[in-house]
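My request is simple: use the sequences and hints to build the entire structure.
Listed here are the chains, written in short residue letters.
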Amino acid sequence: MIGIVVVSHSPALAEAAVALALQMAGASPPPVVVAAGAGDGVIGTDAARVAAAIDEIATEEGVLVFMDLGSAVLSAEMALEFAETPHEVRLSAAPFVEGIVAAVVLAGAGAGLDEVDREASGAMAAKAAQLGDAGGTPVPIDERRADAGAAVAEAVIVNDVGLHARPASLIVARMGDFDAEVTVSDADDPRRTASARSMLALMGLALAKGTRLRFSASGADAAAAVEALRALTAEGYGELG
Amino acid sequence: MANLDQLVDWLRRFRTLVVQNQQVLTELDSAIGDADHGSNMARGMNAVAEKLDGHGDTQIDALFKSVGMTLVSSVGGASGPLYGTFFLRFGASAGAVAELDAGELSAALRAGLGGVVARGKAEAGDKTMLDAMIPALDAFDAALAAGRDLAAASAEAVTAAAAGRDATAPLVARKGRASYLGDRSAGHIDPGAASTALLVEALAAALSRPEASESASSESASSDSGPAA
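The listed protein sequences correspond, in order, to chains A and B. Residues in the first sequence are numbered from 1 upward in steps of one, following our numbering. Residues in the second sequence are numbered from 1001 upward in steps of one, following our numbering.
Keep in mind that the hints were calculated from the coordinates and are not lab data. For glycine and all other residues, C-beta sits at the position ideal for the given N, C-alpha and C. Some hints could be false.
To be verified - Just a few of them, taken from the derived set where beta-carbon distance is under 10 Å, the chain B residues facing chain A: (1) Ser1073; (2) Pro1081; (3) Arg1119; (4) Ser1185.
This is how it looks when you write it as structure tokens:
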């Protein structure tokens, strides 16, 4: 059976993802080793730990490595240089959770490295297909406005660097307080729309200082949700002064 | 020549500069990244400094292998593999020797640069540490070729690194977390280029004070090395 190495910035994240996968795997799951965190509770990745995990688990059937993001990929690439195993080790481009689940299940069923790698890499496509064309496509503004209980509010971005990573994460976090479906648009170019729950989609809009944002919501807390985002934006996402 | 003591002094001075500029590096990173470059580099270089205390290495390759692996295992962010690779390749190029002549030092620095390029898959103009490192090494080599000594050549490198660092401000990031911001990454100095300018500044300070190398401590290093960024 192939071995699976899980590389993450966070030990808790890696262990939870592995637990989820093992729950779905059959009676004979593949060996899985976690290499997560940078020691002493530091969130980060450590290439030496990844190399040790690879060497611990490697057999002639090969090893497939899953990484979360950013430096996890650099550390895993570096680990390939440190690892001493003569057996094949591959880095998977699959999304973290979906890839690990798909790989653990299929490897437990006895599939080889090629097949498991391919299955895991297809995990993203499976999710997109499940969502149909709606996956990643903004909901048209008019439909949202037609919703019962819909609310709209606007605010201009006033902080210098615009809606970058931290403001986007603030918006997503704030949305957790409300029962509402909210989108964020450029009021002057409504094709530029993203869900207020998607940090990456919000960042992808590249909304700069001076942009007028429109928040559109439906759901029980629609009015409160758009007011919260209007205030957050008008206050510069806590980055003024 | 650059001997082992001077190279240790380089690392200690780099640590001191990183700690002194920790807040600056983090502020730069908070603008276009995830606000951890200062703390990550300080943690990594503090771990290196602990390794340097009482290190028994008598050869440059062994010392820098230890330094590189320490960074890889303690930084946590992308700068761990990047700076770790720089020092590992530096040491491998230097080899099992106790001192380097100017050409060997240049070759070792170039090997480190090559490692960073390979690891980060970046190139000049991507708004990364390379935008400080490449002009620094070019200036260093040009000065050596013109017959200057190590102290003078490394001083040229400091000027070039600082200019390269400052020139990252208008660039749009194409690598790393900052690239998620697209055009909005323009207007900010790259934190990796800023820490690399400190690395070059530390090297120049170490190479220009051979007499201080034996007893150099972090305290003496901090007294004459102001913030650069």
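Okay, the hints, checked on the actual structure:
Hint on Ser1073 (chain B) holds. Least Cβ distance to chain A is approximately 5 Å, under the 10 Å limit. Checking Pro1081 (chain B) against chain A: minimum C-beta separation of about 4 Å stays under 10 Å; hint holds. For Arg1119 (chain B), the interface hint holds, the least distance from its beta-carbon to any beta-carbon of chain A being 6 Å, beneath 10 Å. Here the hint on Ser1185 (chain B) is kept, as its CB sits about 9 Å from the closest CB of chain A, short of 10 Å.
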